[in-house]
Amino acid sequence: MGKIKVTVRGGRLEVDEPINLPDGTELEIPLPDDGEGPMPADEIVRVLAAMDRIEPLDLTDTERAAWVAERADRKAREMAAFAEQSEEFRRMWDDPIPPR
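Numbering (UniProt numbering), first residue to last: 1 to 100.
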């Protein structure tokens, strides 16, 4: 038996279908991790090992220049879009009759 399905009702576990376990059998049920709290040591080891396997990103001068230019272009587009949206919101706020 690999898994059983249970439902929590009133703080108790109710088995959804009969299971073939002798009376008095103790089960340890891991609870879902909420992501809070410190990371377990074995998980830290796995994460650090995975990070060590990542190869460094080496860019040529041409690639770096293209990347910097693309970032500058994207920033300019985002700033222009923000200015347009801000102006549209200002007009909506100032307009006494809301659009239909």
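Treat the hints as calculated values from the structure; they're not laboratory data. Glycine is no exception: its CB is placed at the ideal position from the N, C-alpha and C atoms. Do not take every clue at face value.
DEER-style ranges, computed between Cβ atoms [to be verified]: (1) Lys3 - Asp23: 43 to 53 Å; (2) Arg9 - Asp42: 46 to 56 Å; (3) Leu48 - Arg71: 43 to 53 Å; (4) Arg90 - Gly10: 27 to 37 Å; (5) Lys75 - Glu14: 48 to 58 Å; (6) Thr60 - Ile97: 52 to 62 Å; (7) Leu21 - Arg46: 48 to 58 Å; (8) Ala65 - Gly35: 39 to 49 Å; (9) Ile44 - Arg12: 50 to 60 Å; (10) Asp61 - Ala83: 52 to 62 Å; (11) Met79 - Arg12: 38 to 48 Å; (12) Glu43 - Ile4: 18 to 28 Å.
Cross-check of the supplied hints:
1. Lys3 - Asp23: 43 to 53 Å: At roughly 21 Å between Cβ atoms, Asp23 and Lys3 fall outside 43 to 53 Å, so the hint is violated.
2. Arg9 - Asp42: 46 to 56 Å: Roughly 34 Å apart at Cβ, these two residues miss the hinted range, so it is violated.
3. Leu48 - Arg71: 43 to 53 Å: violated, 30 Å
4. Arg90 - Gly10: 27 to 37 Å: Since the Cβ atoms of Arg90 and Gly10 sit about 55 Å apart, the hinted range of 27 to 37 Å is violated.
5. Lys75 - Glu14: 48 to 58 Å: holds, 56 Å
6. Thr60 - Ile97: 52 to 62 Å: holds, 57 Å
7. Leu21 - Arg46: 48 to 58 Å: Check failed, 33 Å falls outside 48 to 58 Å.
8. Ala65 - Gly35: 39 to 49 Å: Distance hint for Ala65, Gly35 holds at roughly 40 Å.
9. Ile44 - Arg12: 50 to 60 Å: Given range 50 to 60 Å: violated, Cβ gap about 35 Å.
10. Asp61 - Ala83: 52 to 62 Å: Given about 33 Å between the Cβ atoms, the range is violated.
11. Met79 - Arg12: 38 to 48 Å: Because 57 Å falls outside the window, the suggested range is violated.
12. Glu43 - Ile4: 18 to 28 Å: Holds, since Glu43 and Ile4 (Cβ atoms, about 26 Å apart) stay within the stated range.
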